[in-house]
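Whole structure, please, built from the sequences with the hints as guidance.
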Amino acid sequence: MSSANSVADKPDHDAHSEFGEEWHLAHHFHTPEQQFESGKMGIWLFLGTEILFFSGLFVAYALYRFNHPDLFEFASGYLDTTMGATNTVVLIFSSLTAAWAVRCAQLNQRKGLIIALAITLACAATFMVIKYIEYKHKIHIGLFPGAWSPTEMPDGSAFDPKVAPYNLSIFFGIYFCMTGLHGIHVLIGIGLITWLLIRSFKGEFTDKYFTPVDFVALYWHIVDVIWIFLFPLLYLIQG
Amino acid sequence: MSHDDHGLSHISSLKTLFAVFALLLFFTAVTVGVSRFELGRWDLTIAMTIATVKAVIVSMYFMHLRYEKALNIVIFVSSILFAILFLGISALDATTYQDRIKEYRAVQPLEDN
Amino acid sequence: MNPLFFASDGTYWFAPPGTEFAKEVIWTFNFILWVSIVFFVLIVGLCGYFVVKYRRRDGVDPEPSPHHSTLLEISWSIVPVILCMMMFWSGFKTYMKMTTPPANTYDIQVEAQKWSFGYTYPNGTFSKELHVPKGENIRLILNSKDVLHSFFIPDFGVKMDVVPGRFNTMWFNAPEVNEHIVFCAEYCGSDHSDMISKVVVQDRADFEAWLEEEGNYVDRMSPVEAGAYTYDIYGCSQCHSIDGSKGTGPSFKGVWTWGQSRALEGGDSVTVDENYIRESVLKPKAMIASGYEGVMPSFNGQLNDKKILALIAFLKDVNGVPQ
Amino acid sequence: MATSQQGSSAQTELVDYQSDAGDHYLSASSGTGFKSWAFTLDHKRISLMYLAGLSFALALGGAFALALRTELLSGDGFFGWSNDTYNQMFTLHGAIMTFLFLIPGIPAGLGNFILPLMLGAKDVAFPRINLLSFYLWATGAVFFVATLLIGGLDTGWTFYTPYSIETQTAVMTATAGAFVLGFSSIFTGLNFIVTVHKMRSKGQGWFQMPLFVWSIYATGVIQILATPVLGITLLLLMAERLMQIGIFDPSLGGDPVLFQHFFWFYSHPAVYIMVLPAMGVASELFTTFSRKHIFGYGFIAMSSLAIAFLGFIVWGHHMFTSGQTPIASTVFSFITFSVAIPSAIKVFNWLATLYKGSISLESPMCYALSFMGLFLIGGLTGLFCATTSTDIHLHDTYFIVAHFHYVMVGGTLVAFLGALHYWWPKISGRMYNEFWGKVSAILVFIGFNVTFFPQFVMGSRGMPRRYHHYIEEAYQSFHVASTIGAYILGVALVIVLVNLVGSIKRGRRAPANPWGATTLEWKTQSPPIHHNFHEEPDVPAIYEYENTVYNREIGGFVDRKVVKGA
Ligand code: HEA
Ligand code: HEA
Ligand code: CUA
Ligand SMILES: [Cu+2]
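Chains as they are written, first to last, in this note's numbering: chain A, 1 to 239; chain B, 1 to 113; chain C, 1 to 323; chain D, 1 to 566.
A few of these clues could be false.
[As the list claims (entries may be wrong)] Label-pair restraints from in silico Cβ distances: (1) A:Met153 / C:Glu179: 54 to 64 Å; (2) B:Met60 / A:Thr206: 23 to 33 Å; (3) C:Gly45 / D:Leu497: 26 to 36 Å.
[To be verified] Which chain C residues face chain D? A few, computed with CB under 8 Å, are given here: (4) Val41; (5) Ile43; (6) Arg55; (7) Val147; (8) Val158; (9) Met160; (10) Gly165; (11) Cys188; (12) Gly189; (13) Ser190; (14) Glu214.
[As the list claims (entries may be wrong)] Pairs of lysine-lysine, BS3-like flavour, derived with a Cα cap of 30 Å: (15) C:Lys128 / C:Lys307; (16) A:Lys208 / B:Lys15; (17) B:Lys102 / C:Lys285; (18) B:Lys102 / C:Lys93; (19) D:Lys356 / C:Lys53; (20) C:Lys145 / B:Lys102; (21) A:Lys138 / C:Lys285; (22) A:Lys208 / B:Lys69; (23) A:Lys202 / B:Lys15; (24) D:Lys438 / C:Lys53.
If you're looking for bench data, these hints aren't it; they were derived computationally from the structure. Ideal placement from N, C-alpha and C gives every residue a C-beta, glycine not left out.
Right, dumping it as structure tokens:
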């Protein structure tokens, strides 16, 4: 830990003019590297907090699944694997284009950047549309905990409370919380990518200043990674 | 900073990006495919292993973690370790007190369900 | 009221111990207390001494002194480690006894609800104060009907949360005939601080006689008397007055009239009769009287038919309705 | 600019960093309008806004405390409140004090000002996020005040389910407030960690950092790793209330004990968020006012990290009676003791720092000594709680209430006050009245002990906490003493407030370095200029007190600097 970099040994560049406008160097940093690395460290710390934020849901999931395996086997029958898998592919693809966007920014390819961001945005929207269809169906058959009145069994037959596990609503509590929180993250991502898109239309990103693209992409990948876990945990339970 | 360094940070080649994408698609297919077989308790293990592999390649290549400073890797990994700690210790307790809950449920009239 | 558990023969810190557990707890407490006092006196004493001895004086420079010493660091880490292990061990031994009841226990079900405890004995008798035979291993099986509560007998050094949806257990063995107070120690809403009960330790013979009596009170009293007694011990008085004043629940007096219709929350109404009372007691959530919240716990399983009939008689009496 | 005087020896030069130009972060050149505050990115101004807000929170929480103490004068209620009113009082008191005052207290309030200065930096790494943290804090405060207005809160600050799911009070607003405050705290921690890593001045290695910085760093680690879990816990609680997800609700098959795991996974580490910065303050105060190099620098620095990490694996000691399994309780009890060791290391090192020092009892030092004694009692009584068998008896009694007030008020609040006096000349550019400073320190000490010591005794005698009604024969004398103490404490705090605020008008101008301290924040003028330092400071040999010399004329210390090439 003690060897971790500080600006200590770097030459002091107090004169900001040395780095011209295009570096967007804030007054309290000495060099663009210091600024960039601070930002990088900040965003990684933030991603760490995101993981711990979601960890609560994973803990709840794990404990209930371990203690009530039957509940999970039964309930995951309600979920549509095809939709889940489609969404997985959509998100993975958007991750690719997000990474591509960063590359374009780093290489000063403005057009490529705009296209890559636009595709990412489209994928994010697609994801939300599919989620919406799924949610709508769940709510329609009464599987929303707040308005709990199940009408169907997983196979579509009439709901039979004698067969369904007594704490079925907890599975859907967990399902809606996990996918809901993830969905909120996707929505935030949509906002951020739109913002990037506008700025890249204005040509604000260059090989010297691409931090926002880089950081939003990192955020977007974390959203993807979380989904990579949610998908098998919720949809692919052997019944 | 790593050797293949342009300006402020690492730039991935398109080849890498697409190779990673292809791998991710492949693993998605595998995990969906495997889930169709009855594998009992291996089910979860396999699904989680595949998910972990996918997450690792996303973070290594899409997120450039492989080329990151050690410090940032430490940050990321330790947040995962603390999440595991949280899970592990709560599970130690929450899985052992289940019999008290089961005992209780066993004597509840059915209408409570 | 004479504080049951705070007698003059207790130590400064504790009431007289009522069980073996309490004695061990006090022992451990005193052990930690003395370690703490020694460290406190040592540290604060030295602190004061240094402050005086090395106070700043004009023109006098402090003599040089070292500012690190690994030997010192190690020794002042090791000593607390050892002391801590002793504390842990001393607590652990008692704790193990507290959590592993012996094989032959007399089991009593404790049911907590806002804001009272109720006790059911192996023969099905229900009571609102806990009676136990002295010198026997008593195991309490705790369950709550609503929120968290905690069953705390300060004199016995035992405490266990009463958690809805599960059975927690605790046990003790009280060797002497006496009475002790029971507190609810987990915050449980409005009347948490009034959720107080009592443990009565009796000789086996007295205990059995009491149990017999307690079970049959409806038979030995007139219906109205029995109803009044039920009203008392089952805690209806917590929420329902009999003088017309409004509490958490409607007063049993005067608010509604027998045989007439009663407005319910949500617009419906219902006729007040025997059936309505029975329903209200067994399934209170089904019909909520207008202007109130549905916080009344169900007494299903606690009040048998006889007792409900007695209650009805009592209600009629309170309202001057002919039986 | 630094004015230099000819020193006694040819090779050294005496430097006074005070400047007469009158230009500083509060002066007109840095802006004075509303916008110059509302949109400021200057860590020093943000810190001042925090301090104002924190005082408000303390006063509000304190008002509730005094009200509930007065009510407890008699066993059935001095004012005759309803039970519900009482329950709201302690809940709001606890929630406001912890979330709104104590957790942001030293790090966001004072650390914001001091940390960049100690590192010789112009600002924290992310000034905008710093401002955002403040606004999140303010939003949290608004939510809490809204909670007060629209029905209060009666869950206890611990929000235990299922009661918190079913109570009719404003749980949603309160949880939303705590959630927002959590994010404020996360961003502060994140900012400070990056600042420590990336913003140190030339040549300042990790082990040339002041111990206060170490403690803030360790605090940041906890804030980042633990607070997100509070966030998700509160979110799940809101989801429980909004849509009955059932995870924590036994009536739907859920598990209330799990909620306690979630809550304490954050809230135990959080108690170290509260105390670590206080320990950092104490380290600075003891060495400065003894004019002696801190004893065992490395051990103090590392023990902060040790406390931060160990703090994560002991949370179950709040749940010994909850229905947690005996194995878990035993393990948690065992690990809990391990936290006592690094704390002990700190205490002993402070003590050794006093040895052969040159001790002067100025107000901050009075607070520091009082901190030492009170934290010691608080920490040692933590051992009674950590031991399984005794905690079974003591849990949820006033013994616990006394334990945590000794560490939180006797420890953190007292250290906060010490720090406030210590850095006040730097922050405001004025010296407060020393006499009233000492008086307040002594009154806080007395008032505090009178309030909370009796609570240990009534607690071990069985008085449960969160009790509106109690048995007078057994407990009334203790409660009355406690209430009297609370009033003394209240008076003492008002004296602090009046003394400090009054000094802005009446106080003597502060020199750059009134105490002879060696850390970087004293190597610039008081109050500092907008960019903190006129030129990037040399890294000091911290805690080497030969390097500061008292100067009667300026009523403060000047630096003895070796002149290069002389
Ligand atoms: C600033 C906050 C703070 C701090 C620093 C601490 C510090 C400690 N706390 Fe405390 N605690 C709280 C705030 C804090 N606590 C709060 C708010 C609650 C109640 C929450 C609620 O329920 O509302 C609580 C409750 C609480 C409990 C649960 C009690 C219960 O509800 O039943 C326990 C149990 O183990 C505990 C233990 C400890 C221990 C072992 C330490 C240790 O870190 C102390 C270490 C310090 C020392 C030991 C002193 C210095 C050492 C020496 C001088 C050497 C000599 C020492 C030895 C011989 C070992 N605390
Ligand atoms: C930071 C934490 C903190 C602080 C400072 C305090 C301060 C005080 N607390 Fe409290 N307290 C808690 C945290 C804190 N408390 C918590 C977490 C609980 C548990 C709640 C629960 O059970 O859910 C609790 C519970 C609690 C109880 C138990 C209630 C019960 O269980 O029934 C009591 C009873 O005496 C009490 C008393 C006091 C008193 C007298 C003070 C006094 O020290 C207050 C003195 C302060 C003032 C009188 C204000 C004056 C200030 C000014 C005028 C402004 C000055 C400004 C500057 C100097 C900048 N507190
Ligand atoms: Cu029941 Cu408190
Ligand atoms: Cu704790």
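> Any of the earlier hints contradicted here, and which numbers?
Replying inline: 4, 14
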